[in-house]
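Chemist: As given, the protein sequences belong to chains A and B, one line each in that order. For the first sequence, my numbering assigns the number 1 to the initial residue and increments by one for each residue that follows. For the second sequence, my numbering assigns the number 1 to the initial residue and increments by one for each residue that follows.
One or more of the hints may lead you astray.
As the list claims (entries may be wrong) - Calculated pairs, BS3-like style, for lysine-lysine (alpha carbon to alpha carbon, straight line, at most 25 angstroms): (1) A:K682 with B:K153; (2) A:K418 with B:K271; (3) A:K682 with B:K265; (4) A:K7 with B:K149; (5) A:K130 with A:K728; (6) A:K109 with B:K214; (7) B:K127 with B:K161; (8) A:K620 with B:K127; (9) A:K682 with B:K271; (10) B:K471 with A:K728; (11) A:K682 with B:K267; (12) A:K418 with B:K267; (13) B:K214 with A:K663; (14) A:K109 with B:K219; (15) A:K682 with B:K219; (16) A:K682 with A:K406; (17) A:K682 with B:K159; (18) A:K620 with B:K153; (19) A:K2 with B:K219; (20) A:K418 with B:K471; (21) A:K353 with B:K471; (22) B:K181 with B:K57; (23) A:K373 with A:K663; (24) B:K271 with A:K620; (25) B:K219 with B:K127; (26) B:K161 with A:K663; (27) B:K265 with A:K418; (28) A:K620 with B:K149; (29) A:K7 with B:K153.
Unchecked claim - Short derived list, chain B residues pointing at chain A, Cβ under 8 angstroms: (30) K32; (31) G37; (32) E40; (33) V359; (34) L444; (35) Y473.
Just so you know, the hints here were simulated from the structure itself, not pulled from any lab data. All C-beta atoms, glycine included, are put in the ideal place defined by N, C-alpha and C.
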Amino acid sequence: MKNIDSKGHVTGRSIYIDDIPEQQGTLHGAIVVSPVAHGVIRKVNYQAAEHTSGVVRIITAKDIPGENQIGSIVLDEQLFADPEIHFKGQPVALILATDHDTAWEAAEKVTFDIEEKEAVTSPREATKRKSFLVPPRTFQQGNVKSAWDHCKYVVNGSASSAGQEHLYLETQGTYALPSENGNIKIYSSTQGPTAIQKITARVLGYPMHKIEVDVNRLGGGFGGKEDQATPWAVMASLGTYLTHKAVKIILPRHIDLMITGKRHPYEYDFTIGLNDDLKIIAFEADYFQNGGAATDLSPAILERTLFHITNAYYIPNIRGTVYSAKTNLAPNTAFRGFGAPQGMFLIETAIAKAAEVIGVKPAVIQKNNLIRKGETFPYGQSPDEDNAVKAWMQFDNQFNIQEIEKSVEQFNQYSATKKKGFALIPICFGISFTNQSMNQARALVHIYQDGSIGISTGAVEMGQGVNTKMMQVAAQVLSVNIDRIKIETTNTTRVSNTSPTAASSGADLNGKALEIACNQLNKRLYAVAAEVLKADVNSIEIREEKIFNEGKLTALSWEELVMTAHLQRVGLTENGHYATPEINFDKEKEKGHPFAYHVFGMAGITATVDVLRGTYDIDKVSIVHDFGKSMNEIIDHGQVEGAVVQGIGWMTMEELVSDEKGKLLSNSLSTYKVPDIYAAPKEIVISDLKSEGNERAILKSKAVGEPPFNYGIGAFFAIQDAMRAFRKDYRLITSAPITHEKVLMGLYHDQVS
Amino acid sequence: MITFILNNHLIKTEAPAGMSLLNFIRNEAGLKGTKSGCKEGDCGACTVLEGILHKGKVNYKTIVSCLTPLGNAHGKHIVTVEGINTDDLTPVQQEIVNSAGTQCGFCTPGFIVSLTGYSLGRQAGLKPAAIASVAGNICRCTGYKSIEKAALKLADLLKEKDFDHDIEWLSAHHFIPDYFKTIPQRLADIGKRDSSPAQPDMIIGGGTDLMVQKPQLVKVSALNLTLDKPGLTGITQQGNTIVCGGSVTVNQLLDFEPLTAAFPKLKDWFKLVSSEQIRNTATLAGNFVNASPIGDMSILFLALEATLTLVLPTGAKRKLLLKDFFLDYKKLDLAKDEIIESVEFDLPDKHDSVNFEKVSKRLHLDIASVNSAIKVTVEDNIITHASLAAGGIAPVPKYFSKTSEWLSGKPLSAQTLTKAEEIMQQEVSPISDVRGSTSYKRLLLRQLFFAHFMEMFPQVITADVVLPVLKAY
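The following block holds chain A by itself, in its conformation from the complex:
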């Protein structure tokens, strides 16, 4: 089934925040931002802005009726900086004007008198200064210290992976409207409506029930609108609170790029040890996470890194420690994968480096160490399935690793200026929020008296197709035609206390809640049907809107059944609540069973490098992916393709550049490049891992949003495999992304002054 939004999208009729018809008198907000990365504000000069025609009001920290605090996990982030500045672009004030351009032009006229302080942008430097957002955490298993003696090969090194800009096509935006009695309704492009409700209430000194948050859809999220859609929504609400007018804030792209957080850059030190059979005996690593200026979601991202330091491998002796460094960059935040890609990048880098030193292909080590049932991840859980090995075997059967390697070699023999390379990347990704309390959801189902159905859940649609999947769940469980179902906006007054749509869990959690609600309604409808048909309830069945008794079609129609139930005063509304069973984690011991299940898979990536110009193409990505039993192949395959290309972007061309004073230099779409249609792999082939699916997944269809992002890591190694074909003395580059610059410099490293 295709995404239900497709038709609206292709006709331009889908409504995003900036498309909502404006209330008369709507004011437009622009954010005054800090010009430096670190310092103390002595004075802000608003005169020029104030005197701009069209400017209505300037709002600063002193106008806040509640707390000037928007932190989520740790309360360490102000809505408006006062008086300390911790990153360049930090919001200082909000200007309200009669139109968007006037507001932002006025914001540029504000000048500052600031006592500037030294900015720290490197996580290693921050770690040296013991400047942490939260204390470091360590996962371990076995005994690393004594394990080195059992290793034939011990290889160590350093690595780094850069941040990544979300580049949702729709920039951050929000529209707040005044209601009666001081209540406020907020339209937001957010993955976390409840976070906005809660934090707006905190800032305004309100109880949460005075704030209603409504989300229709997002023009892309990718994690960038999980926590960081909040500040603008709060600001707009504050504007509405103070002026009793509707207030809209849409961030211009360059402002969005400057002031919102990215995927966390990481730096790494590692040591890996293998025995004669190329079994990984020990792995030890330090992860320096660049958290930025405020905690945001960094502790949860730190945790997910630790959960993925072994990727799809079993490593008996391991220690990994993550240092969450506080630096003077915009607070880094959630981004598809949520710390896991960094963990997986490092183990893959360590394996590739070890392979280089030993003189074997990385694939030999990869294949030799895939995790199996009964073996444990460093956090104590074992996989339910042998899917790591199964994915490898199925990949080899379908795509023939040896054949691919042979064709690459043959090409390289006859081609001088172009070289091909190949790399494999198995993945394993844990599904559940690692914060146990977030693994809950609710869904509200109305069956209207004419038989049509309205469903609401806590899931937010951002292109991933969760609305379509929710409709499929309701249609399947109620056994009605999907055309009868309408999915409502995500709204805090209909579904409360929601977890953000994140961690790939939106469909699972909300789908399960919806399944529960629909099953309850079924129970009641079945009872009514039994009564009408004077039959035993156990012999009733509703199938595709038809009502059967003892397997025989009856004359009772769906509409009649529903109307009868209504007239008999049977409740046709139900609220379903779901909490993922069995999951637990002991943060003292750092052991437990944090994940409902794991998603596995395997990709092979072929790349061609132009060794004259230092450029490259990704030729082909072949994938065997563990969808479980996919409930929507079109949507799920679309998620894989999109994730792979985004992952390749992270590893190749997407390069965030900041100067040492914390100023982002790649601050526009002309300097920060994401893949275009030509940069996408020439071919992506996706094959479903043969699997029975997992009961914990909605309709056994596994979560799909984040895991395939990690296939992109393979591009980093495929490109370098091609570079090695140009010069045998090639030495692996361990800092991602591998830009055209790094490729050319790597190919001719001995000639660069």
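Given chain A, put chain B in place with the hints provided.
Modeler: Using the frame of chain A, we list chain B on its own:
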């Protein structure tokens, strides 16, 4: 008064000529299907069609509305996604739906318009052109493969297109609504725009640079709109000389047959230059006066040893070699109010070879780390003349006078190139910036210099000769 047709409606507006067409469409006309993604022409979410009446027929092309000054819409047909919609989905829309080429949907109207532009264009039915038509559209969700599938399917559908009666054919096949047939007459009824302001305080062509750098200033300025100005448009051939009006766009060069005949790789080179939408709007004069050290057209025309004709409002004209036009960083030999009327250069003769190279962070729709162009004359294996230019390695689009001069009279060989490269490096002073470090730019310049000769003389300057030299430099 600016008058144009927006979808099926005649618009007469007193809005400023420097307002962006995007702002007009969304805020004044209230059409929200066209999205704002970056306001610098780098995402394509705001793509619209621009139809221009020419000899009784309207030719459509895609442009980015964020960088189009409203004044440039005068007398034209502007089509947004709303202007394409009919009761049923068009084949373009249907194929995107069929292939699941839309996820969050925010970029989608831009893709729809770009593909509709492709359907209306002369390349309709050609597969590479179908892909090229959306190369200026960024999608962050799908990974493009589904969009590519839809584009290729469209190419198949369009193989049947009747080019002689394309509007009729396209509307009969529901690619566009019927009202398109009425547009030629309705455009003909719109007169010329009231004359330019007596005292213009800004000259603007396609707007692809000024609308990025100074949108606020453009909006409030009295504009001298040069894009459609008679005397600044059109390409002519006079003997062996090509004369291009200053307002000629990059894609108009591609449409001029003598040029594609003389430079068979022109299309490949221009594939590396911005995107379809930008190439449809960006002018030669704009690229030159922008004075960006990495202007692609500046580099190519430097190598072609082009000459500018500059004209003052008084009508006084002078000629100047392009290489003498660039004085220092963003400093030009150009008087206030003086504009580039035309640029001329000689077509290569049988002993001449020309090549263009460009490497950027992303190969397409990106600004060069280093770009370079060269023209060499080789007779009996001796280089008798050379003109070399490169960008990104100096404060100006760089013409290598010393290297070019030195090459003259030298045998065509790897040894010659090695020596020339030394001289070339002495002529440049690259700085580290977001597009690359100093040492990378020097290395890349060297590589592209050798790449030129490998491309132009594959029999003589072979990979087997060059690569060992480069490796062991």
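Chemist: The structure should be examined with respect to each hint, and the outcome stated for every one.
Modeler: Now for the hints, and whether the structure bears them out:
no., hint, verdict
1, A:K682 with B:K153, "holds (16 angstroms)"
2, A:K418 with B:K271, "holds (20 angstroms)"
3, A:K682 with B:K265, "holds (22 angstroms)"
4, A:K7 with B:K149, "holds (18 angstroms)"
5, A:K130 with A:K728, "violated (42 angstroms)"
6, A:K109 with B:K214, "holds (15 angstroms)"
7, B:K127 with B:K161, "holds (14 angstroms)"
8, A:K620 with B:K127, "holds (20 angstroms)"
9, A:K682 with B:K271, "holds (17 angstroms)"
10, B:K471 with A:K728, "holds (12 angstroms)"
11, A:K682 with B:K267, "holds (20 angstroms)"
12, A:K418 with B:K267, "holds (22 angstroms)"
13, B:K214 with A:K663, "holds (21 angstroms)"
14, A:K109 with B:K219, "holds (18 angstroms)"
15, A:K682 with B:K219, "violated (42 angstroms)"
16, A:K682 with A:K406, "holds (20 angstroms)"
17, A:K682 with B:K159, "holds (23 angstroms)"
18, A:K620 with B:K153, "holds (21 angstroms)"
19, A:K2 with B:K219, "violated (43 angstroms)"
20, A:K418 with B:K471, "holds (15 angstroms)"
21, A:K353 with B:K471, "holds (24 angstroms)"
22, B:K181 with B:K57, "holds (10 angstroms)"
23, A:K373 with A:K663, "violated (48 angstroms)"
24, B:K271 with A:K620, "holds (22 angstroms)"
25, B:K219 with B:K127, "violated (39 angstroms)"
26, B:K161 with A:K663, "violated (52 angstroms)"
27, B:K265 with A:K418, "holds (20 angstroms)"
28, A:K620 with B:K149, "holds (16 angstroms)"
29, A:K7 with B:K153, "holds (18 angstroms)"
30, K32, "holds (4 angstroms)"
31, G37, "holds (5 angstroms)"
32, E40, "holds (6 angstroms)"
33, V359, "holds (5 angstroms)"
34, L444, "holds (6 angstroms)"
35, Y473, "holds (5 angstroms)"
Checked against the numbered hints given earlier, this structure breaks hints 5, 15, 19, 23, 25, 26; the rest are met.
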